[in-house]
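Trainee: Residues per chain, in single letters:
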Amino acid sequence: MKTRRYAIVIDTLRCIGCADCVVACKTENEVPEGYCRDWITEATTGTFPELHTEYRSERCNHCSNPPCVHACPTGASFVADGSNVTLVDPELCTGCKSCIAACPYDARFVLPEGYVSKCTFCMHRVEVGLDPACVSACPTRCMAFGDCNDPDSEVSRLLRTRTWKVIAPEAGTEPNVYYLT
Amino acid sequence: MEEFVITQKANPHIDPGLAIWGWEVPVYLFLGGLAAGLLLLGAVSVLRAETDRPAAQRLLGLVTPILGIGMGALFLDLEHKLHVWRFYTAFQVTAPMSWGSWILLFAVPVNLLLALGTAGNAFGPGFRAFADRLPALAPLEAWAIARRRPLAWLSVAIAVAVGIYTGILLSAYGARPFWNSAILGPLFLTSGVSAAAAALQLAARTHGERLPFERLDVGLLVIELLLMGLLVVTLVSGPLQAQRAADLVLGGPMTVYFWVFVVGLGVLLPLSLETFQLRGYRLPVFVAPAFVLMGSLVFRFFIVEAGQVTTWIAY
Ligand code: SF4
Ligand code: SF4
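One line per chain: the protein sequences are A and B, in this order. When you line the first sequence up against my numbering, it's residues 1 to 181, in that order. When you line the second sequence up against my numbering, it's residues 182 to 496, in that order.
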């Protein structure tokens, strides 16, 4: 089976920080109140009056070199077959929080039930040909989801034609959520 | 200047700063280190064929209970306690926690057999009277006595592995700059053996029995001090995130915690006290070991906390 490298590419020039993606995720994935799998970061740089603000919709980066998976003692955190998507199997999870300590992006948390949860790139939707809920819900259409290993995908095109960055690449995890700048 | 506002993200124990591990993990790391130290020094005493009820062999019987309490603390930390057995349905070669669970599983029977094989020597007639009432124990004891030396060598290996593992467990987390230094392995091992040497000073019945552990502890505390210094130096000379982590103890919010409580009261003070004692000053014998044991525990609390507050991302 061909390996897919799924990514979300987010245009920071279009994102207005409305948090519809956050609401969509909570609704789609029944994330309990007080928890979130994605969130908005508003980064302001400069000194008044010369300011620049960037909105970023952030989540698990489904890293190609995922320390969370490497640190899990039970195999509960794993990389899905044939892609880079990192998932958690609640049946195997002990709630030891090793994976949480290992994630440089603080993308994981423990649910009240005692197991770890985080963004799944909505694999249950992707498998039936839909985009992740956050990507579908965005009113400014600033997000694209797809396979970077497919040169014809929208994400590949965007990454070829626009300037982009990832967050904390120096952490060495090869993140797969891209921000167009 | 850069300012961040994060909306919608307030996951418990993750935001605004990581707080996933409370008292349970440092207590476990301390007890694990202490048990490793006691196992190591006990095994060395067996290999040196020490007789006359040596303290190091007497305390071999405490290793498994101490490990048990430590693992109990770790169990309390698990968010999904019913799944604790899942540690033993997998071996994940990249996860130090997996290595640790399996090594600890081997440490218990090896320690129990070594303790049984040396109990006659360690406790004398008292143990004989006890063992005589349990005839079922006799063949096992005979087996363990006959294999005392191989068991002791195995114990040395396991003790070093457990001692180093308690440090590697944290240093393997590249995501937390304060932990991400290979020095933590030897540092935790040294600190664990030093705590064990302190416990043995408390257990010693005579001045003569205490003296070697006092000497040993002085050496270990000096090494510990050097390793702590090296830890700070590697952070200061590392990349930006490591430098930021070092700032935590170089003027940052954990400066007093580290220099006064960990280095000062936990290492320098007992080191000075033990040095004075070796030069003939008479001090209450429990004072220096008590500071060593406290220092060793406080050091674990400090490290577990320091790693959680340092991060790669700037918000
Ligand atoms: S962002 Fe964190 S949780 Fe997601 S794959 Fe990377 S290391 Fe793992
Ligand atoms: S909390 Fe669960 S998923 Fe995370 S490392 Fe522990 S067992 Fe693995």
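Calculated directly from the structure, the hints in this document are not laboratory data. Incorrect hints may have been included.
If you only want the chain B side, here are some residues facing chain A, beta carbon under 7 Å, derived [claimed, not checked]: (1) Glu184; (2) Gln189; (3) Lys190; (4) Gly253; (5) Ala254; (6) Arg267; (7) Ser279; (8) Tyr354; (9) Thr387; (10) Glu390.
Each residue gets a CB set at the ideal place from its N, CA and C atoms; glycine is no exception.
Trainee: Run every hint past the structure and note whether it holds.
Mentor: Here is what the structure says about each hint:
no. : hint   : in the structure
1   : Glu184 : holds, 5 Å
2   : Gln189 : holds, 5 Å
3   : Lys190 : holds, 3 Å
4   : Gly253 : violated, 15 Å
5   : Ala254 : violated, 13 Å
6   : Arg267 : holds, 4 Å
7   : Ser279 : holds, 4 Å
8   : Tyr354 : holds, 5 Å
9   : Thr387 : violated, 44 Å
10  : Glu390 : violated, 40 Å
Against the hints set out earlier in the document, violations occur for numbers 4, 5, 9, 10.
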